[in-house]
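There are 6 protein chains.
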Amino acid sequence: MRITVCRKGHFSAAHRLHNPNWDDEKNQRVFGDCNNPQFHGHNYEVIVKVTGELDPETGYLIDLKILRDMINEHVLDRFDHRNLYTEVEDFRNLNPTAENIAIVIWKILREKIDKKYEIKVTLYETERNFVEYEGQ
Amino acid sequence: MRITVCRKGHFSAAHRLHNPNWDDEKNQRVFGDCNNPQFHGHNYEVIVKVTGELDPETGYLIDLKILRDMINEHVLDRFDHRNLYTEVEDFRNLNPTAENIAIVIWKILREKIDKKYEIKVTLYETERNFVEYEGQ
Amino acid sequence: MRITVCRKGHFSAAHRLHNPNWDDEKNQRVFGDCNNPQFHGHNYEVIVKVTGELDPETGYLIDLKILRDMINEHVLDRFDHRNLYTEVEDFRNLNPTAENIAIVIWKILREKIDKKYEIKVTLYETERNFVEYEGQ
Amino acid sequence: MRITVCRKGHFSAAHRLHNPNWDDEKNQRVFGDCNNPQFHGHNYEVIVKVTGELDPETGYLIDLKILRDMINEHVLDRFDHRNLYTEVEDFRNLNPTAENIAIVIWKILREKIDKKYEIKVTLYETERNFVEYEGQ
Amino acid sequence: MRITVCRKGHFSAAHRLHNPNWDDEKNQRVFGDCNNPQFHGHNYEVIVKVTGELDPETGYLIDLKILRDMINEHVLDRFDHRNLYTEVEDFRNLNPTAENIAIVIWKILREKIDKKYEIKVTLYETERNFVEYEGQ
Amino acid sequence: MRITVCRKGHFSAAHRLHNPNWDDEKNQRVFGDCNNPQFHGHNYEVIVKVTGELDPETGYLIDLKILRDMINEHVLDRFDHRNLYTEVEDFRNLNPTAENIAIVIWKILREKIDKKYEIKVTLYETERNFVEYEGQ
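Chains as they are written, first to last, in the working numbering: chain A, 1 to 136; chain B, 1 to 136; chain C, 1 to 136; chain D, 1 to 136; chain E, 1 to 136; chain F, 1 to 136.
A hint or two may mislead.
Repeated chains share a single entry, so a pair holds when one copy, or any two copies, can fit it.
Derived BS3-like pairs: lysine-lysine, alpha-carbon spacing no greater than 25 Å straight-line [claimed, not checked]:
| id | residue 1 | residue 2 |
| --- | --- | --- |
| 1 | 65 | 116 |
| 2 | 26 | 49 |
| 3 | 120 | 26 |
| 4 | 26 | 65 |
It is worth saying that the hints were derived from the structure and are not from the lab.
Put together the whole structure using the sequences plus the hints.
The structure is reproduced here in structure tokens:
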């Protein structure tokens, strides 16, 4: 039986959007307020969806406590109360758009979660703006 | 890299459900309170999901400010504080069920959004009743 | 022991804002889109808060099932899928603003709920616009 | 036209997680607090998604009032204010994990809902932990 | 400057409502499904509001991390994944209605939080049923 | 008739907590992660509650469109996508804790909103941490 188990977590971070190959005028024009060199920030919500075969002995796909701890350790603790643009290694050469943050989270977890599972990441930047990535 | 970007918007509108090919008794039986000739209304929430290839230069799939403005101009401003049954051209010959409203929104945006993107529309009529349409 | 018990309910209704003592131009200027003669509508959420002395025998202030049924019968069934402006007696001579709807609900329940309790009504017209009334 | 219609419902129930083929020590180690023999409980939220061809005459995929009543009768009334572990026949030989509850709900509805529709069940055990099952 | 700081927490627990001084018939009549001897359960949400004078040096009323830890240690860890009716000392002689749970939480925190602050507790049993207690 | 009208708005901003009269060690000890010199950020939600006498002619306490525009212009546009610590004049000599942000918003609006109304500000820093201020 193929089932999906989902876990939601939160982190608060600062960021700005900026492409170092462009001049300031183009960065400002493309990214608008999000380019503010003094940064701004968000309460991000991340939903990790893991899909695979149910284990009939436990009735679990994956122990949600273990999934929660993996997300806490490898994602939330790494990003929470950080400045994604200046402090987080994953974004040294990568613009911290919602799209790229979702992809980075997916890649981090893809390394940690058993390959027999598929993974999908949903990242809310605000309640109204969010992205989904499943590694394709 | 294939990714999905989502934007949520809101509009408040009046409607009633009615099939002009049926008599009043059948309309009342099928649509119940929703057939009330004096109308009723909802706060609709619409989520537009756009899927395609990430632009590596911006780190965007599509600029969410542009997507937001398209949804505002072509959907929310057209429906907000309107009576879908009597005032909105799209429903002149179409019953404004949640299903049909979602399909109309999808078609409006399909005209406006670049064909390289796939579009999916989720429409909440209430927190507990909602529909999804992706153009199939 | 003085405690407050709260119950939330929902209804969907159409309305328009209009003062019959004003001409159309003034109604349009003051009420804007809300004056649309074709109506619009909302999913209203109403929270009723009842305050009084705890009954030590039951551990209840008031049985929430009874409070729920009173709200359902006297408020939700009366307003749900109705046009407040044309169909609901309470607004025959009263503009159905969020403020007046909250006051009407408070008065309806004040008649039905034992005078030993205080009542407060919160009415959400949308998630972002809401009013509170406690009978003063 | 292929569309999806969704309905959300709620029930509150007690449960514990336990595998009768394991000794107490292993049950405690695997299920932790969820194994507590005195039970604990949740407010479960269930979303049922039904997919199929739109009926052009009604503008409905399926009448949401009928779908609501089916979910109420066959799922919510069966589980609400019950102890899933001791009282609900479906879990006599099945560990009431979120995964298994979702599968049971899917199977119950698969029996009741016309085979021309596809069904997907999402079950929230808490706001942060949820599962999805679509019968594969 | 007088300000209020609020913290929300969650716990999942089983309970039943029962008055040992009444016979089964009366318990069933008054408490209905909530009297089920096999228990049921909820995801409770608790909001603790603390009011007092702002500390101008920190800009805090009270350090929210300290308030969070107090709530976690003295309330959430004590009730989470427990059966309030059979396992939690506070309800040995007290019916675990939402009202009484809120009062118990208020009394626990009143012992722990400096008397210079006022405390108010809001307890959600479900999204639609909740109570407020402020120690009067 | 005395009534309260409420409007919710959102802004995203960066900040850090820091007292310039303390050394780094004390700032780190008191404010923890919130003291991070690289900043972090939040999606703030602000609810403004305005209380006064209902205008019987309009059925309004205050026109919610006017209240919304005042909040947008004087609060949201001033703080959104800004760094409260480095860029916003109001916090030049004031630590941008949730408490102080709420007080600043209250003072800004107190200048702009007619004195016949009372004002209360609720500020959510996260869904679980929020403050209330009413000018006492």
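Hints and how they fare:
Taking the shortest Cα distances, residue 65 and residue 116 sit within 25 Å of each other inside one copy (18 Å), while across copies they are farther apart (38 Å). Neither within a single protomer nor between protomers do residue 26 and residue 49 lie at most 25 Å apart by alpha-carbon distance, with minima of 37 Å and 27 Å respectively. Taking CA atoms no more than 25 Å apart as the test, residue 120 paired with residue 26 passes in neither setting, with 33 Å inside one copy and 31 Å between copies. Within a single copy, residue 26 and residue 65 get their C-alpha atoms only as close as 45 Å, which misses the 25 Å cut-off; across copies the closest is 16 Å, which meets it.
When each numbered hint is compared with the structure, violations occur for hints 2 and 3.
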